[in-house]
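J.: These are the residues of each chain, in order.
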Amino acid sequence: MIDIQINGQTYQVLEGASIIEAADEHGIYIPRFCYHKKLSVAANCRMCLVEVANMKKPMPACSTPVSPDMVIFTQSEKALEAQRSVMEFLLINHPLDCPVCDQGGACELQDLSIGFGCSESDFGGDKRAVDKLELGPLLQTYMTRCIQCTRCIRFSRELGGLSELGMIDRGGGEKVSTYVERDLQSELSGNMIDVCPVGALTAKPSRFAGRSWEYVEHEGVAAHDCLGSNMYWHSSQHDNVETREVMRVVPKENESINECWISDRDRFSFEGLTHESRLLSPMVKHNGTWKEASWEAALSECADKLGSLIDSNGGDCLGVLAGPQTTMEEGFLLQKLTRALGSKHIDSRLREQDFSDQACRLPSPRLGCQIADLDSLDTLFFFGCDVRTQHPVLTTRINPSIEEGLSVCAMNPMDYAYTFPLTEQVVAGPSALLQQLAALVALVAKEKGESAVISAEKPSAQTQAIAKRLLNSEKIALLMGEHALASTHASAFRSLLSQLATLVGASFGELPYGANTVGLQYVGCVPHRQADGMALAEPGLDIVGMMEQPRRAYVLCQLEPESDVLQAAKTLKTLDEAALVICLTAFESDAMRQYADIMLPVAPPSETSGQFMNIEGSIQSFQAVTVPHGDARPAWKVLRVLANFLKLDHFEYRSLEAVRNDLSVVCESEDSVCELPILKTLPSLKENELIRLAPWPMVRSDALVRRASSLQKTLRAEQVSALVNAAVASTHGLSDGSQVKARQGDSEIEITLRVDDRIPDQCVMIPSGLSISAGFGSAEQAVTLEKSNA
Amino acid sequence: MLNEVCYRVMPKDISSWDDETLSKEKTWTLEAYRAVGGYQVWEKIIREKTPPMDIIAQLKQSVLRGRGGAGFPTGLKWSFMPPQLPGKGEKYVLCNSDESEPGTCKDRFILSNNPHQLLEGMLIACYAMGAKVGYNLMRGEFWLPFNRCEEALREATEAGYVGANILGSDVSIALHNAATLGAYICGEETALMNALEGKRPNPRFKPPFPANFGLWGQPTTINNTETIASVPVILQRGADWFAGAGTEKSGGTKIFCVSGHVNKPGNYEIALGTPFSELLEMAGGMRNGAKLKAVIPGGSSMPVIPGDVMMKTNLDYEGVMQSGSMLGSGGMIIMDESTCMVAVARRLSRFYMHESCGQCTPCREGSGWVYRLMCAIEEGRAEMSDIDRLRRVAKQIEGRTICVFGEAIAWPVEGFLKHFRHEFEACIKQGPRTVKR
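Quick mapping for you: the protein sequence lines, in order, are chains A and B. According to the numbering used here, the first sequence holds residues 1 to 790 in order. According to the numbering used here, the second sequence holds residues 1 to 437 in order.
It is worth saying that the hints were derived from the structure and are not from the lab. Worth double-checking, as some hints may not be accurate.
[As the list claims (entries may be wrong)] Just the calculated beta-carbon pair ranges, DEER-fashion:
#1 Glu403/A / Ala57/B: 37 to 43 Å
#2 Arg347/B / Ala726/A: 56 to 62 Å
#3 Lys127/A / His176/B: 43 to 49 Å
#4 Asn54/A / Glu90/B: 33 to 39 Å
[Unchecked claim] Stretch-level coverage of chain A by chain B, calculated; a stretch enters the list once three of its residues show a Cβ under 8 Å from a Cβ in chain B:
#5 41-48
#6 84-98
#7 685-696
Just so it is clear, CB atoms sit at the ideal spot from N, CA and C, and this is done for glycine as well.
Turn these sequences into a full structure, and let the hints guide you.
T.: Put into structure tokens, the structure is as follows:
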């Protein structure tokens, strides 16, 4: 720490800090445009010029380091004159049309021109006009307003990792451009809107919808991935709660989670809230025709039908599934209801199919370290994780860390288009991947002088390189991603990875899909543990078991099985054949009208209050922003009243707080140690099968985001096609662009084939969650391909 | 003392520097360079293992100052290069051959006609500062100079002066020629480094300074072509000889590029401190016997000096500064009475508008504003208040930018307004063409 003087006051500041950092630290504001605390220093806007004693020229506060006994004046006549003249220069070419600019009222240039500018300009000429830049469906540009601060360029390069924007031309003609016109590919592109200090980059979906001063800001938690990014919902209408609408979403700063970034999915999914397929009133199916019903009628029908089925078949006939946007309170009530009805069959792990080690796993998945720890690692090892599309915000920590010396290794079932370079990577189909992982563990064990538990094949050159990297690193995190969790080998992967973590002294964690997958497992929405974490001696049926041993009745809470589960075809068939399917859902679909018997409209995340637990195990609560659309109700109220209709005891909750209190008493957080079974032999691997890799594209991951129209426009051709590598294509006699029939059992779809060498041998990538792949087959299992005749 | 340092391979009479004579003499070859004693200094250094500190001490003694424009003492600059620390990676010497200042054409003659002397200078610089790699970065338009430098580098490598184990010693130095894509701003030393790294050549803010964080983040020393090319001769003939040629504070000789309304425009390498009148005489005097009106003494970014003041000025760093300008790169633009100073100022401001890289607000926006005001004045569309506006805008650019390009826009404006304000006023009052042609 050193002493410096700012405006006559002495402060202790960190040595090596810049003047602006030191001033910010002590709440002294210095105007700035190009400076952003999360981006590299550019020093190009010159707005932050301040006077430093003994310096002839005014100094830029952002790029001038403090030195002992430095004397700084941020508001002296010299400093103010410098700032005023920079502001004058900025405004000679900036259009003064704030009333028609979407940024008006939330514009840094507007604010600073009032604070530091002149009310009159000396400039009399014509202003510069710049062509609009087409950046795709999410960002609207108006480049005439650009003040060339380069924040968007630096974001895209340093945090987005893609360098999609740059400067072309020079002098007064300098402009931000993609050079060759194309849409932005980044999953984080919306953050450029936030960093843009003017109205050059604005959000297309919420453009001209309202003025920032008319909006009410509500704290929220992002509802699409397990990080729990903090954000604000901005809603219209100050007073009238009934007519409030969500108008836009912006990030809320949380240094330990999302810093100040959110993904495009979190930002633009709100468009789905007003989709035409919103279920607005309870619906009941009688003899194949759907009719609207009152809540009372619908709930009593639920109670009657469910009650009579249970009366005649026992509680065991009920199966319950919860989707990951179900809050902790709702999940708690759901499992309580299920168990009160005498059923043990409840699951929330929609995208897993290997549960053989569930008894030994942590009660709910964990990252194994804190999110912020990812900033300071030596080596990060991803296993089956498309972190770029599934957990985009994490990449804002990884991309800049690469410069600091982080090396990332990966073993993946396909070569994902990461935004950061990989030091080493193994790409192989699920079986080969398992063999290489076992080889890696055996190799590391041997190097460490431990006796290898597993006998494995010879490691490939890349596997050896990964072993070397892991053995030579100190701080390591191993992360098992959503794609590995979905595999039929998941438990084998998990066992080997945890052995590997122990061998190299790394942290080991999982990155499951969904906002509250963690919280739902924590509150007992799993067949093998109760809400209090007690393991059941005889577990109920998991999601796969529930479909293999069909139940008579099902309750589905906030999911669309045709698009949300791994074994879609089998699930749809089972639901079709069930005597009763009750769906608590915000949206209806044609498929749901087919298998459901009663549809109860519940509130999506912005319309309900509740809690999500993120992958660090932090519980974050949020309040409803608007009242639910139509007759929809928060799911916790629906479950509570349904329990009353079913005449169950202990469901007399008067408020959400009462549920929350009960939950916090029942569900004790305990730091369980997981002791996974040690894998001694590899499961028998089937050769010569074509395996279907079935990842979910970012914008198809859940019911809400699937209905967000602007996000849908970002889907690229390769994200809606079947992909195989050139070798597989030629063995099957298929070519790029041809139509193919993909078949799994009775299930069959037609899809365009594209040749893409990012896919390993013996694999075909057919994305899940698409409208064409809805209800199709089983993810991560064998598939056959043949040329379509059509 | 005409043409004895950087141009020593060339005929003393500059009127014979036409393409035909030069191609006959092939002054750029190793043979021609050796004939004037070339590479003897380098051989001696290698042979005697001269301590690097001795070389730097000699340079300090010679009072050699940077010839690119700023005039920073070269020996001092070389001593700033941090010592090689184990495991710290390369250090670099970078020769700034991106000569783009209007009115300046001295370095291209060194590059095309005496490239070996530059190579020898770079080798000595690398040796003295402990760098193993040196780059000679030329402007993109230097096609012939680039090819000559490449040929010279090949010859020098074959002769064992460059590369691994130079002349059988354990000294290894790699030299490379490279070219920018041609933009005035590439001549700014930090922009030059960005250009060489393959980035957009925007100047970098300082600190950090290149001596600590330069090319690819490594310690780097950047010198002008003429500065580096002077080094072998200084070491050969002695620091005292060189220092004695100039004045007390401005040692040695300097190349002046005389252009404009003179009879014999060209490069003259003369002792610093020579009166301007002598240089004008060497250049054959004023064209058509016209009267000298004004001189821009150090490349276009320096303030203009009226002819009568200039005739009393001695050409050294202090002398020119006393007359209200700077010696800069030594590009002397000579203007006679037929010159409209408003037109000159307007043309120069157009150059600076066109060459601004655009990153800093004052320069990006101000350079265009200055040009527009100049146009309005020249075309008789302006008001009297525009003159003060012009001065104010220029002042607002000066000292507010990352690099000194801001000064390069502002100083000429201030110079012209200081000495020739009446011409600007006349344009506004009477319309254009205040000067009879």
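J.: Please flag the earlier hints that this structure goes against, numbers listed from lowest up.
T.: Hint 7 alone not satisfied by this model.
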